[in-house]
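Protein chains in written order, with my numbering: chain A, 1 to 81; chain B, 1 to 81; chain C, 1 to 147; chain D, 1 to 147.
Calculated from the structure, these hints are not laboratory results. Nothing here was measured: the structure is a model prediction, and the numbers come from that model. Wrong hints could be hidden among the right ones.
One side only, chain C facing chain D, incomplete, derived with CB under 8 Å [claimed, not checked]:
1. Val30
2. Asp109
3. Val134
4. Trp147
Chain A residues, not near chain D, derived (Cβ > 10 Å throughout) [unchecked claim]:
5. Leu4
6. Phe6
7. Arg10
8. Asp38
9. Glu39
10. Gly40
11. Ala43
12. Phe45
13. Asp47
14. Ala54
15. Leu66
16. Val69
17. Thr79
18. Gly81
The beta-carbon is built from N, C-alpha and C at its ideal position, and this holds for glycine as well.
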Amino acid sequence: MDILYFAWLRERIGVPRERVETGAETVRDLVAELSARDEGYAAAFADLSALRVALDQELSEFDAPLAGVREVAFFPPMTGG
Amino acid sequence: MDILYFAWLRERIGVPRERVETGAETVRDLVAELSARDEGYAAAFADLSALRVALDQELSEFDAPLAGVREVAFFPPMTGG
Amino acid sequence: MEIRVQAEAFDAGAELNRFSAGAEGAGGVVSFTGVVRDLPGGGLRAMEIEHYPGMTEKALTDFAAQAMERWALSDVLVIHRFGALAPGAQIMMVATAAPHRRAAFEAADYLMDYLKSRAPFWKKEITAAGADWVAAKAQDEADLDRW
Amino acid sequence: MEIRVQAEAFDAGAELNRFSAGAEGAGGVVSFTGVVRDLPGGGLRAMEIEHYPGMTEKALTDFAAQAMERWALSDVLVIHRFGALAPGAQIMMVATAAPHRRAAFEAADYLMDYLKSRAPFWKKEITAAGADWVAAKAQDEADLDRW
């Protein structure tokens, strides 16, 4: 599964994308797995209300299931326009 | 006092403007005076709800006083834009 | 604030660029361009626009000033043509520039409502069958109540 | 319907004219152009816009399709830039064409609200003091509830 990071989340994690093997069932499970890696990840994901998630390039929810998903992207609220 | 007519009112009256000497106190009085002239005027002014009036180039009401007014314009509802 | 009432065609794109370049501190520019629509099924030869010289400029200036007072705007542009216009021709244009987008949108929308029903313009449709004055729409009058 | 996500500058006036010329049956065209504003007091060196290639085009296409479904529109144009933009530069543009003006206004307003808060773009302000990610505004989120 490809995981992408954008904006300040990308800067804090230190990479724009990475490939992970995971059995996580939901986005929230995946976040817990990533946060368990080290303090950097834990800090980046500390406040989920400040983050958004897209599954296969579609905005989604942290409770959404990951079955069949190939690309997960995490990022702060968008500021386009 | 100058009286101006626009759009279909101008076409029905037959002139775009005319100069009248009048002692009419309100727009409504002036309309009554003009309507008394002949059937053409009477027909043109028959339905005041279909007309608008401007006094010295400012939208006004048929009950407005004419004291000091130099230019009165009658016309149908506007269709700009 | 610029108000123009003219018979000549104008280049909406060039006007938009010029207006945007001159609008200091604006974060957004909204424009509306009105186009002569053909009649359903075609057949419109021309749209003739009559106006009330003097009052037109005065009314448009008043509307623009009211918009500048009501919203925090950097600038306002209004161009309105008169005379005979072919189907597809541009009739008029409004542009508003503002620090915040909602102000620019609302002010342009407001100006259009006033232009439609309170500026002394009258439209006449010329077809092979003759000429008809366009009737004012109840909807346009109702739109004014929003402000 | 045309969606463009690009690093290059665009000419808003030329785009408006091209879009208007191609919008069959439209009685009005509304455009919104977003401009990089300097910071209060100046000092902005650049606004850097990051985006999510792939999802951005998808999201903008979805918003435009939703607008076409919700309002009777002749056409929709969305252009959004990414990369480093200087103060005064144009960031993005939305244009809507419709038989009736209110539809064009509402659809453009709607598209802007979605672009602001639901399209995957992130702005970063670069000053002499450093770089700061622009925070999302509660107002922009609230604006979405209008639709």
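Right, here's what the structure says about each hint:
no.: 1; hint: Val30; verdict: holds (5 Å)
no.: 2; hint: Asp109; verdict: holds (5 Å)
no.: 3; hint: Val134; verdict: violated (12 Å)
no.: 4; hint: Trp147; verdict: violated (13 Å)
no.: 5; hint: Leu4; verdict: violated (7 Å)
no.: 6; hint: Phe6; verdict: violated (6 Å)
no.: 7; hint: Arg10; verdict: violated (8 Å)
no.: 8; hint: Asp38; verdict: holds (23 Å)
no.: 9; hint: Glu39; verdict: holds (21 Å)
no.: 10; hint: Gly40; verdict: holds (18 Å)
no.: 11; hint: Ala43; verdict: holds (16 Å)
no.: 12; hint: Phe45; verdict: holds (17 Å)
no.: 13; hint: Asp47; verdict: holds (13 Å)
no.: 14; hint: Ala54; verdict: violated (6 Å)
no.: 15; hint: Leu66; verdict: holds (17 Å)
no.: 16; hint: Val69; verdict: holds (13 Å)
no.: 17; hint: Thr79; verdict: violated (5 Å)
no.: 18; hint: Gly81; verdict: violated (4 Å)
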